[in-house]
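Engineer: Build out the structure end to end from the sequences listed, making use of the hints.
Chains as they are written, first to last, in this note's numbering: chain W, 1 to 75; chain H, 1001 to 1390.
If you are wondering where the hints come from, they were derived from the structure by calculation, not from laboratory data. Where hints are given, some of them may not hold.
Here are the simulated SDA-like cross-link-like pairs (lysine to any residue), alpha carbons at most 25 Å apart as the crow flies [said to hold, decoys possible]:
#1 W/Lys32 to H/Phe1247
#2 H/Lys1070 to H/Gln1244
#3 W/Lys22 to H/Arg1038
#4 H/Lys1352 to H/Gln1128
#5 H/Lys1390 to H/His1307
#6 H/Lys1377 to H/Asp1333
#7 W/Lys22 to H/Thr1256
#8 W/Lys32 to H/Asn1031
#9 W/Lys22 to H/Gly1016
#10 H/Lys1145 to H/Pro1086
#11 H/Lys1377 to H/Arg1331
#12 H/Lys1070 to H/Gly1212
#13 H/Lys1390 to H/Gly1329
#14 H/Lys1390 to H/Tyr1336
#15 W/Lys32 to H/Arg1034
#16 W/Lys32 to H/His1037
#17 W/Lys22 to H/Phe1024
#18 W/Lys32 to H/Gly1029
#19 H/Lys1352 to H/Asn1098
#20 W/Lys32 to H/Glu1240
#21 W/Lys32 to H/Arg1038
#22 W/Lys22 to H/Val1028
#23 W/Lys22 to H/Arg1034
#24 W/Lys22 to H/Glu1274
#25 W/Lys32 to H/Arg1039
#26 W/Lys32 to H/Asp1062
#27 H/Lys1296 to H/His1307
#28 W/Lys32 to H/Arg1045
#29 H/Lys1352 to H/Asp1005
Restraint-style ranges between C-beta atoms, simulated for each label pair [unchecked claim]:
#30 W/Gln63 to H/Arg1141: 32 to 42 Å
#31 W/Gly66 to H/Met1211: 24 to 34 Å
#32 H/Glu1274 to W/Ile34: 32 to 42 Å
Note that the structure is a prediction, hence the values are computed from the model and not measured. Virtual Cβ for every residue (Gly too), placed ideally from N, Cα, C.
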Amino acid sequence: MTGHQYAVILVHSTSHAIRAEKLLHRAGVACKMIPVPRHLSSDCGVCLRLERTETAAAREVLQAAGMDLVGVHDI
Amino acid sequence: MIYFDNAATSWPKPPGVAETMMHFLSDVGANPGRAAHRRAVEAGRIVYDAREAVAELFNAPDPLRVAFGKNVTEALNLALRGYLRPGDHVVTSSMEHNSMMRPLRALERQDGPSSGGVRVTVVACSPQGVLDPADVEAAIRPDTKLVALNHASNVVGTLLPVAEVGAICRERGLLLLVDAAQTGGAYPLDMQADLIDLLAFTGHKSLGGPMGTGGLIVGQRVDETQIEPLIRGGTGSRSEHEEQPDFLPDVFESGTPNAVGLAGLEAGVRWVLERGVEQIRTHEVALTRRLIGGLKNIPGVTVYGGHDAELQTATVSFNVAGMEPSEVGLRLDDEYGVLCRVGLHCAPAAHKTLGTFPVGTVRFGLGAFNAAHEVDKAVSAVAALAQEAK
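Structural biologist: Below you can see the structure in the form of structure tokens.
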């Protein structure tokens, strides 16, 4: 884990996560779809994990596309 | 065999549709959005890709505003039953299919005939099936909430002026619901340029997908929380709550979706996008012109509608003097291998407008995969039957 400090972006549903992933990849922001960590939500869905240093850029890309973000958390 | 029943469902499907569906069943198979394992995510991506393809085709504002369902009928029921409240007024046309008329008639009757039902005005179209936007404007009242129209008649193919009506709706603060069953994939349709707020589509006609796919696209002006879902249940999202989520598309997509069908739909729509709707349209206009011209020249044959291929889809209705439509249909199938649909086509209002109720018509529904030689053969077959019926 050395060198990696992650954050996750939570969105409403899997459809939203897939849209967000596509938007981020198109904008050159690396991310990976993972199950939502249990301590953040009891939901059965997925979220996007990315480097903490990328969260501001990711927020900008997603909000510019009109996406509603449920939460951004460091993990 | 000549397949002229594309207005009911298209056949054949574009290359790749069946293979894509087989791939889903054999190699993916999981439930989209219901787990986080790789197969479930892949299934989710496949469904999302279908959303994106449909959004691109209709220029929808956002793929997540495409809510999938089983067909256009379900989508129209969702829009009408979900949005209209007792006492609201809705304007529709006399060329509608029963997928529009029956839910409206049921809403009209709710809470008793004289009390709180939805008020419906059916604007009369000409005997050729043409709708004058000025007549729609004249029917709008202070309590009007919605104008609901098909984009083209399923009986004679006549195109309705949705963009003109859309402009009237914007000016008067109303929503426009369009039933794109007959035009989606066969005629250019742009939700934003044509000022459409709610677009109901079906996957199994000119979009090239399988039966059991369709949906409602919810435009940017529409507050989705003002539309009651038809059903509620599991969505794979907000599982900790016993209340239905209120966001698109999940609010309208309870229960496991037809992911295998949506995989096929995506392949169908991609084929349409690659070929280009304009090119498909040009091909179908040429076939329609040839068909109308051929049929009109046969003594004893009456062709309905406007007789102008540019102003209609590739669906043509006619009758043969001295022979019932059912007899014409049977003999075309048995003796000439021409498959078509006869009768009222689930559209009694349209047939009343055209003057063909209750007998109905013979309908040839052409599609992207038909060819000129098939039109010529079918015209010769009708000519032979008409000669015999004299």
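Engineer: Starting from H/Lys1390, check that the Cα of H/Gly1329 is at most 25 Å away, please.
Structural biologist: 17 Å, holds
Engineer: With a cut-off of 25 Å on the C-alpha distance, tell me whether W/Lys32 and H/His1037 pass.
Structural biologist: It holds: about 13 Å lies between the C-alpha atoms, which stays within 25 Å.
Engineer: Compare the distance between the alpha carbons of W/Lys22 and H/Thr1256 with 25 Å, and conclude whether the hinted pair is satisfied.
Structural biologist: 23 Å, holds
Engineer: For a C-alpha distance cap of 25 Å, please report whether W/Lys32 and H/Phe1247 respect it.
Structural biologist: Since the Cα atoms of W/Lys32 and H/Phe1247 sit roughly 24 Å apart, the hinted pair holds (cutoff 25 Å).
Engineer: Lying within 32 to 42 Å: is that true of the beta-carbon distance W/Gln63 to H/Arg1141?
Structural biologist: 41 Å, holds
Engineer: Given the hint that H/Lys1377 pairs with H/Arg1331, does the C-alpha gap stay at or below 25 Å?
Structural biologist: 14 Å, holds
Engineer: Are the Cα positions of W/Lys22 and H/Val1028 separated by 25 Å at most?
Structural biologist: 20 Å, holds
Engineer: Assess, step by step, whether the Cα of H/Lys1296 is no farther than 25 Å from the Cα of H/His1307, and give holds or violated.
Structural biologist: 9 Å, holds
Engineer: Taken at face value, is the distance from the CA of H/Arg1034 to the CA of W/Lys22 at most 25 Å?
Structural biologist: 20 Å, holds
Engineer: For H/Glu1274 and W/Ile34, compare the CB-CB distance with the range 32 to 42 Å and indicate the outcome.
Structural biologist: 34 Å, holds
Engineer: Check whether the Cα positions of W/Lys32 and H/Arg1039 lie no farther apart than 25 Å.
Structural biologist: 15 Å, holds
Engineer: H/Lys1352 and H/Gln1128: Cα distance at most 25 Å?
Structural biologist: The given pair, whose Cα atoms are some 11 Å apart, holds under the 25 Å limit.
In terms of the numbered hints stated before, the structure departs from none.
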